[in-house]
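S.K.: Mind docking chain B on chain A? Use the hints.
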Amino acid sequence: MHKVNLPLGTRDEFGKRAQRKTQLIDLIETELQQRNYMKVTTPVLEYQEVFADFDLKQMQTYQLLDNNNETVVLRPDLTLPIARFLSTNNLKLPQKFYYVGDRFKIAPPLSGRYNQQTQAGIEIVGYASAKAECECLLLINRLSRRLLQGKIQLELGDARFIDTILNELSSNQALKQAIKAALYQKNLPHYLQLISRFIEQPMFKFLKIWPRLFGDYQEVQAQVLKVGLSGQARELFEKIMQFADWTSQLPNQQVTVDLSSAPPQEYYTGLTFKGFMQDISDYLFSGGRYDQLLQNFQSQPEPAVGMGIDIDRLVDEAVISANSHKHDLLFFEPAQLALVSQICEQYPELELSLSLDLRHAQRNAQSLGVKLYRLNAQGDLEDAT
Amino acid sequence: MPLKIALTKGRVEKQVIPLLEAAGIDCSGLKQKNRKLIINTSDDRFQFILAKGPDVTTYLNSGAVDLGIVGSDILTEHRNQQSELLDLRVGQCQFVLASTSDFNFNQPGRKVIGTKYPLITQLYFESLGQDVEIIKIEGSVELAPLIGLADAIVDITETGRTLRENNLYVYDYLDQVSTRLVANRMSLKQHAGEIFELADQLEQVVEQGSASK
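Protein sequence lines, in the order shown, are assigned to chains A and B. Residue numbers are given in the numbering used here: position 174 of the first sequence equals residue 166, and the series is strictly consecutive. Residue numbers are given in the numbering used here: position 33 of the second sequence equals residue 640, and the series is strictly consecutive.
Hints should not be assumed to be uniformly reliable.
Stated by the list, open to error - Derived CB-CB ranges, DEER-like: (1) P625(B) <-> L0(A): 36 to 44 Å; (2) T766(B) <-> G220(A): 47 to 55 Å; (3) G118(A) <-> R652(B): 48 to 56 Å.
To be verified - Just so you have them, the derived chain A footprint on chain B, three or more residues with Cβ under 8 Å: (4) 658 to 670; (5) 692 to 704; (6) 792 to 798.
If you're looking for bench data, these hints aren't it; they were derived computationally from the structure. None of these values were measured; they are calculated from a predicted model. Backbone N, C-alpha and C fix where the C-beta goes; we use that ideal spot for every residue, glycine too.
So that you can see chain A by itself, here it is in the shape it has in the complex (with noise of 0.2 Å):
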């Protein structure tokens, strides 16, 4: 016998969850293509330095050796693979792209997460103005009515905020960072340890309640403008205040901040936005502004705005109704095969019955509760369930 059990976190798909995935990313590129994004499709396997700013902390990465001992890794993001593509193939710029693919990071065992995960994302390449962010946020509203009711929330942050604040009140990297990652856990034990040496600073009432300043953006803003703010930081907080009131125009939407959370990735430079729904435990949709990203890749840098979609999450969460249409079935002849090719462009609902003989055809056809159709000796189609 050979082995058929699957590797540690890996699935199969199929049936009525593997249709609504088929839907939902169809429904997500024509929503796309409509507004004039470009599909792009990397491969799977990238050279490993592509990845080099990718946090790879907390998961690992599948990697193999390609015929030259090179590391090749299966990709466990799909924004840099865009970024490399983008650098190596002279398209003209500004730009909007998308991609719908899988990414591979491999996750604790035995956890119940899969490593194979589907993502779909936007990257807009070239456009400095926050227009970018808007229409990334106005897709985030779109898709959340369309197919969760509006249930999505939005939370927006800056990738630079924490960092500005520490700048301000420390030159000690590693406190810096000690801070910084107690502060994305929100391990409040150990953030007030570590800030305890700040107890003269003006910052401190800020500093005592920053891992709290999350939720609704309005209650935030009148937590900070009690404790105050100067400076840069003041100024990052005032455009995420604004981008808040814009997006809570949005219909349907409920808008959040969070002055303390971590940017999905490290390459990011500016506003962050996440998409989460009550009551699941991660989130749905993940961006915002890497300004510096190309120049990883290429000597000029070009300002760019992106976002991912868990597609996988996503299949589970929205209202899309798979196709549980029943077919009625057509009993035919090999001889007949012209006939058959007319007769199913004609009815393209029209499901063939591949039944050994019309007997079996009939049982088969009664217990699927179905017609069953075959073709005359003038060529139409009779019933003959």
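M.R.: Structure of chain B alone, referenced to chain A:
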């Protein structure tokens, strides 16, 4: 919907119930649970799910529960990624490196270390610049140096009594351990008000407890 709290059953459960009661939470169901594993408070604010420590982290990571009450030893060993809200200052104990009297910490060569906590052990020896062979042991770790399976052990101890009774000596003190209140990071975003209200009530109780000691 009540907040779901995975509570480590056994010693942690016993030490945490008085804190929960002092914070105004009805624990009568928890105290008379018999063999039940899921217990709601009478006001339906909370639902306690009794589980083993490592499973508390699994439930937290999957989002099956909103909160977990579990030892920091398990959180570190399982590389906790969820939000740690409060040190409940119960279940306090200490990680130690222990062995028989003839153990020489500075002896050249690769040591063999027995432990229930391979990650914590690896991080400790890495911090010392030492490469060691780690053997994972599920219970009675103290046996490992006594029967010649390992040169030393890394384990937690509360009073040191079991070590002493087995003629083992402490050669180094590692991290301190205590019970923590942890929130699933997405639950925290979705139920911040209720979760912080509970954390703040418990913090007050913990502070009062420390002050009265």
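S.K.: Against each hint, give a clear statement of whether it holds in the structure.
M.R.: Taking the hints in turn, this is what the structure says about them:
A hinted range of 36 to 44 Å holds for the C-beta pair P625(B) and L0(A), which are about 42 Å apart. Separated by about 48 Å at the C-beta atoms, T766(B) and G220(A) satisfy the suggested range of 47 to 55 Å. Checked against the given bound of 48 to 56 Å, the beta carbons of G118(A) and R652(B), roughly 52 Å apart, stay inside it. Counting residues of the segment 658 to 670 of chain B whose CB falls under 8 Å from any CB of chain A gives 4; the rule of at least 3 is met.
With a threshold of 8 Å between beta carbons, the proposed coverage of the segment 692 to 704 of chain B by chain A holds, since 3 of its residues qualify and at least three are required. Interface restraint, the segment 792 to 798 of chain B with chain A: holds (6 residues with C-beta to C-beta distance below 8 Å; minimum three).
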